[in-house]
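With the hints as constraints, model all of the structure from the sequences given.
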Amino acid sequence: MSAAAPAVRAVNLVKIYQTGGLPVPAVRGVDLTVEAGEFVAIMGPSGSGKSTLVHMLGGLDTRTSGEIWIEGTRADTLSESGWALLRRRNIGFVFQFFNLVDNMTVADNVELPALLGGSAPRHARERREYLLGELGLTGKADAAPAQLSGGEQQRVALARALANHPRVLLADEPTGNLDSRNTRDVLRLLGEVHRQGQTIVLVTHDARVAGLADRVVTLLDGQIVDDGAVGLPRRRTKGGPGDVVELRG
Amino acid sequence: MNAAEVRWLRADLRARRAQALLTVLAVAGIVTALITAATLLEDGTNPWRGLFARGNGAHVWIHTKDTPDPAVLRGLDGVTDIAGPYRSAPATLVLDGKKIPVTLREMSATLPAVGRPLVREGAWLDPRVPSGVVVERSYARTLGLRAGTAFTVIGLNGATHALKVAGLAESGDQGFYPEWTPGLAWTLAGTLDQIEPKLGRSESVTGLRLADSGDTSLVVQRAITTLGGQVQRVSTWREVEQSMELDNRLLGVLLALFGAAGLVAAVLAIANATGGRVLTQRRDIATLKSLGFTRRQVVRMLVIEHGSLGLAGIVVGVLCGRLITVYALAETVVVPLSSLPLLAIALGTAAVVLVAVWLPAWRGGRTPPLPAVPAPPRGHLSRVARLAFLVRLPPALVLGARDAFTRRLPAFLTAFGLAIPMMMITIGLGYWATLDDFRSHPEQVGQAAALTVRPASLTSEEAQRLALADPDVVAAFPGAEVDALVPGQTRTVRARAYGTVSDPYPFTVVDGRLFRDRGEAVAGQGLLDLLHVSVGDRVRLTIGGTPLIVRIVGRVLEPEQDGEVLSVPLDALAPKDALPPQYYGLVLREGADAGAVRSRLQGEGLEVSQVVNPADRLAVIRVIIVGLVVVLALIGLANLLTASAVGLRDHAQDLAVLKAMGLTPRQVAATLVTGTGLLVVLGVAAGAGAGALVSAGLIDLQGAASGMGAGIGRAPGPATLLLAMATAVGAALLVALIPARRAARARVPVAPR
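Chains as they are written, first to last, in the numbering used here: chain X, 263 to 511; chain H, 186 to 938.
By construction, these hints were calculated from the structure, which means they are not laboratory data.
Among the hints, a few may not be true.
[Said to hold, decoys possible] The calculated label-pair distances, taken between Cβ atoms and stated as ranges, are:
1. Gly847/H x Arg443/X: 27 to 37 Å
2. Leu532/H x Arg384/X: 34 to 44 Å
3. Arg384/X x Arg199/H: 15 to 25 Å
4. Arg481/H x Arg384/X: 45 to 55 Å
5. Arg443/X x Ala203/H: 31 to 41 Å
6. Arg927/H x Ala267/X: 23 to 33 Å
7. Ala298/X x Arg481/H: 23 to 33 Å
8. Val540/H x Arg443/X: 51 to 61 Å
9. Asn274/X x Val191/H: 39 to 49 Å
10. Leu532/H x Ala267/X: 51 to 61 Å
Even glycine gets a Cβ: it sits at the ideal position worked out from N, Cα and C.
Right, here's the structure in full:
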């Protein structure tokens, strides 16, 4: 694992679903490289294959052909449990529907990945306390997920995804199920995490959300049709037409 | 196990406490039943073995008219030692005005080497206290005698003697009182001589200890040949052992049957519960996998979670089984179940439970890590639903009928999982009905006579006249009971002469017909089994030295002596055995109070005893049935909860659609309840039907095995059965209604969670 290796690299990635015996291509030969510390938004209309792509990058879905490299290591040839181990250490997931474990408290949900990764319970608790504190959820530690609002649940999901200091944070429509106020909160948090150096791959069909990213990849019918940096001036100021669009606030 | 797995396990168990408790209780109940059954079947409750070994018992006891030559018996091939000969005489024990027959047997103050009674309370005979006797413990317990109790004994000559209980002893020489009558008391030779001075009215008892218990029949034949016509009665260790075990054996078989069927039901319930839980948890499992749980970890967590509930149930069951054998069966000397069958039950149940849990857990492990929206089951309109459509049933019923069968396998498992407990409950009700029938129609189980009177000091004609004079007495049948020797048999059988050819006692004839001639007889199943004969065969026997050949023309239900009774008309016996009749069996007017008649007749100076109904001896079965019904109901409940949880999960998506279509919350609830209720009705009906079909046959099988004979079995009455089914279905619908109402009223999320 060299330092120069990209966080995520996909080479000619293809996914073909078999629906009723008919091959339905969802992703058709995607080449994508995400450098460490980069915030990439994947955009595209419904059915363009963006969710499938990010699921494949996290090993939740199997690829039909092509290569996936995570941190310079080939991952597409891993077994299911190999992927599971890789996800534990290197990948955090945030989903559209939060996917918190209902039976567990907020604290347990957030500590779960750390414990799974082998942290001592005390360390897991400290990390959880830190994360919940950062996300403004300290008071909710003992609540059940069902008692929280959608935005709060998504913040808990974000805390859970970050519990193990993952190299890559994969977010699949994290704001797709939230109102604008909660969307703003979650995006602010994502931005802060990114500022601390977190690599993020975010799937969205919302241009405002994508506008937060360093780079927007647009997918159509399973192929990349556009891949370009968004020149937001906030961090790596380059200047240019991107400056016109300032949506946050 | 990883800390994360433990954390998830704890949280999930906490979230489903009631269901978990139900699983533990169901398994515990079944294991308890199995252990109790095994204890009963293993003869752990049969004290004979211990008594025989510790008392160095005699295998064979020979009752002769005169004292045999001990040297001759000792010299018989196969005999290692003998006990006695002891003089033994019948007498009547008087206690609180009651007169109870007793056998007094002489014995020395020093305990013999063979056939040694085991003193349990007080002391053995002491030559310095000639009035002290040692009473057999079961007899003493029934009568309420304790060491130190004073009582009187009336000899056959009518003289009274004051005696005192020196001690209580147990013995493997004869069965327990009252199964084995008369009771036994040991006295010093001098005391016995005083009570019964006439040698002619007593008999001589000699015990033979054999080198090999397998040679029993051979040695008995030799002894009978050697002693010639002297032998009056022979009893062997087999009868004693059998007399001590029989009731328990019947109970053991019953419990084992229920336990085994219950185990199948419980395992099905656990498999259903695990499967249902995994199905409803697919999303959570997928989430766990997306967090980095491996397939093996998921399977391990599920197996541990659900398996540990089963194992906890096994541990509780083993403890309960031990407690029950110690406390509930305290009457008998229980040897706890030996470790091999105990281990077999515990490990066998554990293995079955783990397999039942592992299969759904394995399926759970295969859940893809992508937390997808749960796919609704591939639905198709079942035939039932199509039918419901055709006859224009309300929409809720049609939709419910569709829902019930969308998943074929779970639907079948649910119905089956309810059918088995229901079948066992129905069989239990059959036992109940059989016992009720024993009580309400004793004449149908061979107990037409509710009372027997013995003339006591009166002549038998007077006794008959007095008895018939009572307004409640319909008929009085003369009877006599004699011991009959059957050639080729090692033991005597009971021959009962009851009624006459022209006026026979109303036996309950199940096969063949009642005797119509002197040379004919009817017998109980036990006797047919013992002699290996069937209805229509001829039997040769010797009664009091007189040979008699009878043809068995019918099989009767015989509740006494394990059915090992041959019944002949009184005229068939030689006059010396038959006249005067020993007793009269009184058939009472229907609805008459036997107790009242009894006290009236007792006032006339007659000796009256009430016939013991077999239902009284088997009363404990009712307790067992109630206990098992509770366990089985728990199992059914567990299945039901699973079915309704899975049904809700499958149709959570539909609810929004249904409501959008304009169904009221009540209709939505009705749809959900119909979905589960249809399966419940199917399962309950199938189970009750199967149970009603097999229960009478099953009880008959057990009746035949116990010697009483097939023909006793009753299926539960239609009213009882309908009530049981209605209760089961009603309770099930109520249980299904609660979550259905909650789901119907809840605001339906359009998006999943």
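Hint-by-hint comparison with the structure:
The supplied range of 27 to 37 Å is met by Gly847/H and Arg443/X, whose beta-carbon atoms lie about 34 Å from each other. The beta-carbon spacing between Leu532/H and Arg384/X, approximately 39 Å, falls within the hinted interval of 34 to 44 Å. Our hint of 15 to 25 Å for Arg384/X and Arg199/H holds, since their Cβ atoms are close to 22 Å apart. Range check, Arg481/H to Arg384/X: Cβ separation about 27 Å, and the 45 to 55 Å hint is violated.
Distance hint check: the CB atoms of Arg443/X and Ala203/H are about 39 Å apart, consistent with the given range 31 to 41 Å. Checked against the given bound of 23 to 33 Å, the beta carbons of Arg927/H and Ala267/X, roughly 53 Å apart, lie outside it. Hint check: Ala298/X to Arg481/H, Cβ distance near 31 Å, so the stated range 23 to 33 Å holds. For Val540/H and Arg443/X, the hinted distance range of 51 to 61 Å is satisfied, since their beta carbons lie about 52 Å from each other.
As the Cβ distance of Asn274/X to Val191/H is approximately 43 Å, the hint placing it in 39 to 49 Å holds. With their beta carbons about 54 Å apart, Leu532/H and Ala267/X fall inside the hinted range of 51 to 61 Å.
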